[in-house]
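A.B. asks: So you can see what is in the structure, the chains are spelled out below.
Number of protein chains: 2
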Amino acid sequence: MTLRVQKYGGTSVADIGHIKNVAYRVQKAFDQGDKIIVVLSAMSGVTDHLISLAEQASDSPDKRELDLLLATGEQTTAALLSMILKSRGYKAKSFLGFQAGILTDKISGKARIRDIDCKNLKQAVETGSIAVVAGFQGADEDGSITTLGRGGSDTSAVAIASSLKADVCEIFTDVDGVYTTDPRICSSARKIDRISYEEMLEMAILGAKVLQIRSVEFAKKYSVPVHVRSSFNEEEGTMVVNETKDMESVIVSGITCDMNEARITLKRVPDQPGVSAKLFTSLARAEIGVDMIIQNTRSDNATDLTFTVTQDDFELAREISQKVAKEMDAGEILTAREIAKVSVIGLGMKSHSGVAATMFQALADENINIRLISTSEIRISCVILAKYAELAVRTLHSAFNLDQKK
Amino acid sequence: MTLRVQKYGGTSVADIGHIKNVAYRVQKAFDQGDKIIVVLSAMSGVTDHLISLAEQASDSPDKRELDLLLATGEQTTAALLSMILKSRGYKAKSFLGFQAGILTDKISGKARIRDIDCKNLKQAVETGSIAVVAGFQGADEDGSITTLGRGGSDTSAVAIASSLKADVCEIFTDVDGVYTTDPRICSSARKIDRISYEEMLEMAILGAKVLQIRSVEFAKKYSVPVHVRSSFNEEEGTMVVNETKDMESVIVSGITCDMNEARITLKRVPDQPGVSAKLFTSLARAEIGVDMIIQNTRSDNATDLTFTVTQDDFELAREISQKVAKEMDAGEILTAREIAKVSVIGLGMKSHSGVAATMFQALADENINIRLISTSEIRISCVILAKYAELAVRTLHSAFNLDQKK
Numbered sequence: 001m002t003l004r005v006q007k008y009g010g011t012s013v014a015d016i017g018h019i020k021n022v023a024y025r026v027q028k029a030f031d032q033g034d035k036i037i038v039v040l041s042a043m044s045g046v047t048d049h050l051i052s053l054a055e056q057a058s059d060s061p062d063k064r065e066l067d068l069l070l071a072t073g074e075q076t077t078a079a080l081l082s083m084i085l086k087s088r089g090y091k092a093k094s095f096l097g098f099q100a101g102i103l104t105d106k107i108s109g110k111a112r113i114r115d116i117d118c119k120n121l122k123q124a125v126e127t128g129s130i131a132v133v134a135g136f137q138g139a140d141e142d143g144s145i146t147t148l149g150r151g152g153s154d155t156s157a158v159a160i161a162s163s164l165k166a167d168v169c170e171i172f173t174d175v176d177g178v179y180t181t182d183p184r185i186c187s188s189a190r191k192i193d194r195i196s197y198e199e200m201l202e203m204a205i206l207g208a209k210v211l212q213i214r215s216v217e218f219a220k221k222y223s224v225p226v227h228v229r230s231s232f233n234e235e236e237g238t239m240v241v242n243e244t245k246d247m248e249s250v251i252v253s254g255i256t257c258d259m260n261e262a263r264i265t266l267k268r269v270p271d272q273p274g275v276s277a278k279l280f281t282s283l284a285r286a287e288i289g290v291d292m293i294i295q296n297t298r299s300d301n302a303t304d305l306t307f308t309v310t311q312d313d314f315e316l317a318r319e320i321s322q323k324v325a326k327e328m329d330a331g332e333i334l335t336a337r338e339i340a341k342v343s344v345i346g347l348g349m350k351s352h353s354g355v356a357a358t359m360f361q362a363l364a365d366e367n368i369n370i371r372l373i374s375t376s377e378i379r380i381s382c383v384i385l386a387k388y389a390e391l392a393v394r395t396l397h398s399a400f401n402l403d404q405k406k
Numbered sequence: 001m002t003l004r005v006q007k008y009g010g011t012s013v014a015d016i017g018h019i020k021n022v023a024y025r026v027q028k029a030f031d032q033g034d035k036i037i038v039v040l041s042a043m044s045g046v047t048d049h050l051i052s053l054a055e056q057a058s059d060s061p062d063k064r065e066l067d068l069l070l071a072t073g074e075q076t077t078a079a080l081l082s083m084i085l086k087s088r089g090y091k092a093k094s095f096l097g098f099q100a101g102i103l104t105d106k107i108s109g110k111a112r113i114r115d116i117d118c119k120n121l122k123q124a125v126e127t128g129s130i131a132v133v134a135g136f137q138g139a140d141e142d143g144s145i146t147t148l149g150r151g152g153s154d155t156s157a158v159a160i161a162s163s164l165k166a167d168v169c170e171i172f173t174d175v176d177g178v179y180t181t182d183p184r185i186c187s188s189a190r191k192i193d194r195i196s197y198e199e200m201l202e203m204a205i206l207g208a209k210v211l212q213i214r215s216v217e218f219a220k221k222y223s224v225p226v227h228v229r230s231s232f233n234e235e236e237g238t239m240v241v242n243e244t245k246d247m248e249s250v251i252v253s254g255i256t257c258d259m260n261e262a263r264i265t266l267k268r269v270p271d272q273p274g275v276s277a278k279l280f281t282s283l284a285r286a287e288i289g290v291d292m293i294i295q296n297t298r299s300d301n302a303t304d305l306t307f308t309v310t311q312d313d314f315e316l317a318r319e320i321s322q323k324v325a326k327e328m329d330a331g332e333i334l335t336a337r338e339i340a341k342v343s344v345i346g347l348g349m350k351s352h353s354g355v356a357a358t359m360f361q362a363l364a365d366e367n368i369n370i371r372l373i374s375t376s377e378i379r380i381s382c383v384i385l386a387k388y389a390e391l392a393v394r395t396l397h398s399a400f401n402l403d404q405k406k
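Going line by line, the protein sequences match chains F and A. Just so we're aligned, residue 1 is where the first sequence starts under this note's numbering, counting upward by one. Just so we're aligned, residue 1 is where the second sequence starts under this note's numbering, counting upward by one.
To be clear, the hints were calculated from the coordinates, so they are not data collected in a lab. Note that the coordinates shown come from a computational prediction; the quantities given were computed from them, not determined experimentally. Misleading hints may appear alongside valid ones.
Derived DSSO-like pairs (lysine-lysine); straight-line CA-CA distance at most 30 Å [unchecked claim]:
id, chain 1, residue 1, chain 2, residue 2
1, A, K110, F, K119
2, F, K110, A, K20
3, F, K63, A, K91
4, A, K119, F, K119
5, A, K278, A, K326
6, F, K119, F, K221
7, F, K221, F, K209
Please build the complete structure, drawing on both the sequences and the hints.
C.D. replies: In structure tokens, the structure reads:
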């Protein structure tokens, strides 16, 4: 018998009508004889509404209380879907995060799953129930409700699938699957049939919003087969799976564009040991994640240090940088918020050279100036001015022959 | 040091502005040096909105799932008030029902509190926090979320107050206290300064909506001093306390009117043992509470049996009655939904005669026909046609000298 974990995102449960449609999909799978665990997001817009309520209540809402507030969104959809299934004669039972056994750390707003004890879910599906889980949430060891961050329901679903060794974790969303790039930017973008966890991870990190980063990490770590597909049609979507030999023949799988970063440069940082450590320790203590870090040596025993953070963390990161710069007697701080990071991703880069050269040449041909560069084994990223972002994506999509066959 | 439990109803937390005002009241009490536990209802209208969502989802929403859905209302207000208090520099911590240690039975929608373990609340207030509790909810022994029925937040508050032996349980609402009758019906109604648990219980049962019945039972059982007062001004409200000697000098304390009942009569019920038991056992099994029961003997070895139930339970009660009537070979079923039950209540009735005579004469003087009568030690109730309800209330209010001094 097949055990399927099905996750439905906010647009798939946007209102009662949509939730009723989700119920039909769930029923269909159940009627085939599969065991089904459903993981739900909040209705689209609800989380934003709750955040705006919190912002009316307080300029900087307490994070523990914000988690409690936000958790009501998924609680609502889980209760409603269970009601609908039951009223149609199916056995169904709702589970909040803590009832589903999701134990997290105490970092409110972006808690990480520490442990997961799925015995209640297991018992439910084994006694013929459809288990309906409120995604995005768990509880810490004190029993306080926590949330897993934007897109956290993906992680709930993958974590449950891994814990119960489900045959597949289906992520139902409002797009048909994972695309070579954002189809809204590039009309010739193609759906990818199969992609490796590594590539998916890079794409998620770099701004492809289809899956939460942590969910991909989780899926990779425990080899959970993930199927990203549309909740509005019956088409096959994208399978996210372990790397296979043939995957390396595709040199570049996708192009991403992340507009959510901002750049901070500290000028004339004294060129001596421990200086970078001081800055990045201060940033880490404030729970600010730093993405790119670039350092250039200068001739006068000082160096310029540049890094990028998310737009959300920018103001705090700038304050901390100014404080540290003053302490270490560095020069002025330069910042830029109107930037974009375009990246090419592909397992094939491991075994093919010349990808960087092709990328830089393609951008140069369009007179797009590259401000920062960073690379990983399967990725090359360039920071450019935000106004060139869409042009860059389309240019690279063509340059690496990703355009749809006409 | 004084421990105060403060409960704020739906109109007191209707929106963020109102919740901010509640926060000022809570702060004021805390700043006086009192320990404060706040119990909150959902924003007014929210519970009804959630019920309508559930009704869109299903014609008869599953009760366990409905409880989960409804519980989001109080979760929201508890999170928001805690945020506001914290952003103003106060230590505050929210608690859901189960986190506050409220263990209930499994009767979804009208669960009863089985046990309450306030160690978490105790610890919070003893370490200088304001504890903010989501009212109306608890959890059963399996960890499923349950709700305590309409007005259940009153019961949450009184139960917590009794468990922690609080000095007072303040019920903040949108009226100034308990009135001799509904001021919307009778403009000369007066606020009562002190009332006994017994009288308050009769008034709550009979439709005075200011306190949930169970909360009064709880308060009476554990002698919790309850102060019903307005959240919109600083006036003293009504103290609900143990009976004192002087209370008996007031013959009638209040007049109530309950429009929420419906009457069912079974004609020609065989006049033999066990017949009533059969009917009322069937009703009890369906969890239908029966209020008045009247039986008249007839000459032909059969009797008419009349009883009243709430409007909500009416349809189901009628179906059950029809089934039982058929089985016992009784006659037709007569029903009436357009009825009102007007009652006079007073501890003084125990020691004063003539109250019934005064009541019946006053109604007769207005040509109001009495359909059913029932009495308790401190109450006389008459069922009349609904269209005479307001006239009856005003007439009785005058007849027992309850009108405000001009």
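A.B. asks: Is the straight-line distance between the alpha-carbon of K119(A) and that of K119(F) 30 Å or less?
C.D. replies: holds, 28 Å
A.B. asks: Please verify whether K221(F) and K209(F) have alpha carbons no more than 30 Å apart.
C.D. replies: Since the Cα atoms of K221(F) and K209(F) sit roughly 20 Å apart, the hinted pair holds (cutoff 30 Å).
A.B. asks: Between the alpha carbons of K110(F) and K20(A), is the straight-line distance 30 Å or under?
C.D. replies: holds, 27 Å
A.B. asks: Going straight from one Cα to the other, do K119(F) and K221(F) come out at no more than 30 Å?
C.D. replies: holds, 21 Å
A.B. asks: Please work out if K278(A) and K326(A) have their alpha carbons no farther apart than 30 Å.
C.D. replies: holds, 12 Å
A.B. asks: Hinted pair, alpha-carbon criterion (30 Å max): K63(F), K91(A). Please report holds or violated.
C.D. replies: holds, 14 Å
A.B. asks: For a C-alpha distance cap of 30 Å, please report whether K110(A) and K119(F) respect it.
C.D. replies: holds, 28 Å
In summary, the structure agrees with every hint in the numbered list given earlier.
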